[in-house]
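Number of protein chains: 2
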Amino acid sequence: MTDTELQSLIDRSLFADLGYIGADGAPAIRRVFCVWHRGIGAHLISTNTSSGHVRALFEHPEACLYFADSEAFEGACLTGRAVPTRREDYRRLLWNDGDEKYYPLGVDDPDYTIIEFIADRADYYRYDGKGTLSKDELQTMDADKAFENGYRRCCAEQEDQTEG
Amino acid sequence: MTDTELQSLIDRSLFADLGYIGADGAPAIRRVFCVWHRGIGAHLISTNTSSGHVRALFEHPEACLYFADSEAFEGACLTGRAVPTRREDYRRLLWNDGDEKYYPLGVDDPDYTIIEFIADRADYYRYDGKGTLSKDELQTMDADKAFENGYRRCCAEQEDQTEG
Numbered sequence: 001m002t003d004t005e006l007q008s009l010i011d012r013s014l015f016a017d018l019g020y021i022g023a024d025g026a027p028a029i030r031r032v033f034c035v036w037h038r039g040i041g042a043h044l045i046s047t048n049t050s051s052g053h054v055r056a057l058f059e060h061p062e063a064c065l066y067f068a069d070s071e072a073f074e075g076a077c078l079t080g081r082a083v084p085t086r087r088e089d090y091r092r093l094l095w096n097d098g099d100e101k102y103y104p105l106g107v108d109d110p111d112y113t114i115i116e117f118i119a120d121r122a123d124y125y126r127y128d129g130k131g132t133l134s135k136d137e138l139q140t141m142d143a144d145k146a147f148e149n150g151y152r153r154c155c156a157e158q159e160d161q162t163e164g
Numbered sequence: 001m002t003d004t005e006l007q008s009l010i011d012r013s014l015f016a017d018l019g020y021i022g023a024d025g026a027p028a029i030r031r032v033f034c035v036w037h038r039g040i041g042a043h044l045i046s047t048n049t050s051s052g053h054v055r056a057l058f059e060h061p062e063a064c065l066y067f068a069d070s071e072a073f074e075g076a077c078l079t080g081r082a083v084p085t086r087r088e089d090y091r092r093l094l095w096n097d098g099d100e101k102y103y104p105l106g107v108d109d110p111d112y113t114i115i116e117f118i119a120d121r122a123d124y125y126r127y128d129g130k131g132t133l134s135k136d137e138l139q140t141m142d143a144d145k146a147f148e149n150g151y152r153r154c155c156a157e158q159e160d161q162t163e164g
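Protein chains in written order, with our numbering: chain A, 1 to 164; chain B, 1 to 164.
These aren't lab readings, by the way, just hints derived from the structure by calculation.
Among the hints, erroneous ones may be present.
Below, a list of computed lysine-lysine pairs in the BS3-like style, where the Cα atoms sit at most 30 Å apart [said to hold, decoys possible]:
1) A:Lys130 with B:Lys101
2) B:Lys130 with B:Lys145
3) A:Lys101 with B:Lys130
Simulated restraints, written as ranges between beta carbons of each label pair [claimed, not checked]:
4) B:Asn48 with A:Glu59: 30 to 36 Å
5) A:Ala143 with B:Tyr102: 37 to 43 Å
6) B:Val107 with A:Tyr127: 49 to 55 Å
7) B:Tyr102 with A:Pro104: 49 to 55 Å
8) B:Phe73 with A:Pro104: 15 to 21 Å
9) A:Ser50 with B:Glu148: 26 to 32 Å
10) A:Leu105 with B:Arg55: 44 to 50 Å
11) A:Asn48 with B:Val107: 44 to 50 Å
For glycine and all other residues, C-beta sits at the position ideal for the given N, C-alpha and C.
With the hints as extra help, turn the sequences into a complete structure.
Here it is as structure tokens:
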């Protein structure tokens with residue numbers, strides 16, 4: 001896969017699977033809504049502060065983020081760190097009209113948290129082969145990029161579904 | 001979710017996400033074709049002996065298997081052990097006409113391996129709440145069951161896509 005094809009896989013995904021170490025020390029997975037990306041190597045996910053995976057990530061931030069398109073037989077597993085944060089700029093960036101139904105106190109609701117995932121490596125797979133991008137390669141590729149809603153950019157005709 | 005609804009989520013899924021500990025000790029995920037189930041707690045997955053996740057599971061069989069329906073906001077994370085095996089009965093059970101394109105030497109191809117996943121626990125999530133089934137509960141529920149292709153049973157009208 002080219003870098004452009006890998007970015008397309010990430011951008012057209014509404015969801016990703018977050019892999020982490022659960023409370024019992026065993027591997028665990030949670031599907032998360034994930035549309036805010038800075039290139040290939042950095043991703044923001046809004047979630048409930050009180051959720052089990054946030055508690056687990058405070059203990060063990062080592063995690064992976066997996067984007068897959070089963071129909072296209074494409075997958076990318078990013079390995080790195082997933083850190084829960086209450087950074088105000090991230091909270092405001094990801095907030096949408098209507099999110100009050102999840103977080104009644106609004107953007108400052110203490111149950112509203114952002115997970116910042118930063119990849120140290122990207123392993124990708126497709127029917128025609130596989131490959132790896134290193135941390136240095138990811139940093140070089142993403143150096144001049146800012147966080148943006150990739151799904152909104154790639155799939156604008158469905159924009160009414162892309163908030164988040 | 002009721003047990004029946006949980007079984008439905010598993011049966012109508014063609015794929016699941018296998019979470020495991022990768023070669024570097026960090027969490028990793030691989031999407032796998034997964035239609036052979038014994039109830040909720042046991043699953044068989046055919047794969048290449050030479051693949052990275054098989055090598056990793058030989059080192060660390062502790063794993064999870066995640067079934068999710070993003071549209072229905074349903075997910076189930078099974079935690080347990082994923083053990084690669086060359087058991088002949090499993091290899092024959094999962095073999096399909098045409099698999100020679102993946103395994104040229106047929107059902108005895110040394111690159112053809114079955115991963116047997118046995119859950120110690122099932123955690124499930126839906127818009128209306130979450131819950132857990134213990135190992136004892138899973139064993140009681142699945143006691144009289146045999147491995148079968150759940151997708152073929154649940155979604156017979158699409159049977160031409162269900163081999164595997």
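Hints violated by the structure (listed by number, smallest first): 6, 9
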